[in-house]
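Top line first, the protein sequences correspond to chains C and A.
Numbers 8 to 168, taken from our numbering, label the letters of the first sequence in order.
Numbers 362 to 442, taken from our numbering, label the letters of the second sequence in order.
Hints should not be assumed to be uniformly reliable.
To be verified - For each label pair, taking beta carbons as the anchor points, the in silico distance ranges come out as:
1. A/Arg-439 <-> C/Pro-132: 40 to 48 Å
2. C/Asn-45 <-> A/Asp-392: 29 to 37 Å
3. A/Lys-441 <-> C/Ile-60: 26 to 34 Å
4. A/Ser-438 <-> C/Thr-141: 44 to 52 Å
5. A/Asn-394 <-> C/Ser-50: 30 to 38 Å
6. C/Pro-132 <-> A/Asn-394: 43 to 51 Å
7. A/Ser-438 <-> C/Ser-43: 30 to 38 Å
8. A/Asp-404 <-> C/Ile-18: 53 to 61 Å
9. A/Asn-394 <-> C/Pro-94: 32 to 40 Å
10. A/Asp-404 <-> C/Thr-95: 35 to 43 Å
11. C/Ser-44 <-> A/Pro-410: 51 to 59 Å
Calculated directly from the structure, the hints in this document are not laboratory data.
Quick caveat: nothing in here was measured; it's all calculated off a predicted structure.
The beta carbon of each residue, even a glycine, is placed where N, CA and C say it ideally should be.
In case you want the letters, here they are:
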Amino acid sequence: MNLLKEKSISIAKQDFPNIVRQAAKGHETITRNFKSSNHEKVSIISTDIYEEILDRGYKFNPTIEEDSDGHGYTISIDELLIHGEGPTLISALNDLAENLMDYAEDYLTRIDFFRQIENRKNHYPYLRRIAKLTDIDQVMEVIAECHTNLQQAILNQSQKG
Amino acid sequence: MPYQFTTGNIKSIAKRLGLQQVNSKKWNGTDINGNFWQTYIHDHGDGVPILTGTAKQQAKQMGFKDLEDMYDFFINSRRKR
């Protein structure tokens, strides 16, 4: 059973305003070039639905390592081969968020390069989640979404003012 | 055995692997085998020790098995990778 219908690019072009209206309601349209030998397809879907899928399916799982000599913290996200460090938990989280924003910008600018690298091609969904955020505080909250110690560190920081 | 690295040690390792500094903290590049690696190095001064947790992450991000593997590469100038 295949419930997904495909439209040629020329038909999709003619019908584009209607495709966009339907996508906003939740309907997906798949389009491809039927005359081409490659089988690349493009889905036109609601951005809200797309981001909902990413937010639910690609949670961040940070790991904290406290230095045994008390000199600071390292927070890493193993799925993304990235880390941050600092003398306090909140400063390490801030550093990680900075690095993540930097990586997301580079990745999405050079996505065709990064998608060819075997151990980085699957980073896209996580970095796309970061791309829509407007400031570092939001990035820190997303990183901490499944980690109560980091959420507490953010709360403590905000209460200090 | 605990392996200790300084900022200068990590930068030296990154350079030997073919990585270059691209902004204030990010180093990336392609090694002798054509593999792309990327890591972040805070530059507090070449003699400043790196947190062990950070060194572990940098080792992983530069393609080493663990700290011991990265240390072996550091002290063995004949290793290309």
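Each hint tested on the structure:
no.: 1; hint: A/Arg-439 <-> C/Pro-132: 40 to 48 Å; in the structure: holds (41 Å)
no.: 2; hint: C/Asn-45 <-> A/Asp-392: 29 to 37 Å; in the structure: holds (31 Å)
no.: 3; hint: A/Lys-441 <-> C/Ile-60: 26 to 34 Å; in the structure: violated (43 Å)
no.: 4; hint: A/Ser-438 <-> C/Thr-141: 44 to 52 Å; in the structure: holds (47 Å)
no.: 5; hint: A/Asn-394 <-> C/Ser-50: 30 to 38 Å; in the structure: holds (36 Å)
no.: 6; hint: C/Pro-132 <-> A/Asn-394: 43 to 51 Å; in the structure: violated (28 Å)
no.: 7; hint: A/Ser-438 <-> C/Ser-43: 30 to 38 Å; in the structure: violated (52 Å)
no.: 8; hint: A/Asp-404 <-> C/Ile-18: 53 to 61 Å; in the structure: holds (56 Å)
no.: 9; hint: A/Asn-394 <-> C/Pro-94: 32 to 40 Å; in the structure: holds (36 Å)
no.: 10; hint: A/Asp-404 <-> C/Thr-95: 35 to 43 Å; in the structure: violated (20 Å)
no.: 11; hint: C/Ser-44 <-> A/Pro-410: 51 to 59 Å; in the structure: holds (57 Å)
Hint compliance for this structure: hints 3, 6, 7, 10 are broken, all remaining hints hold.
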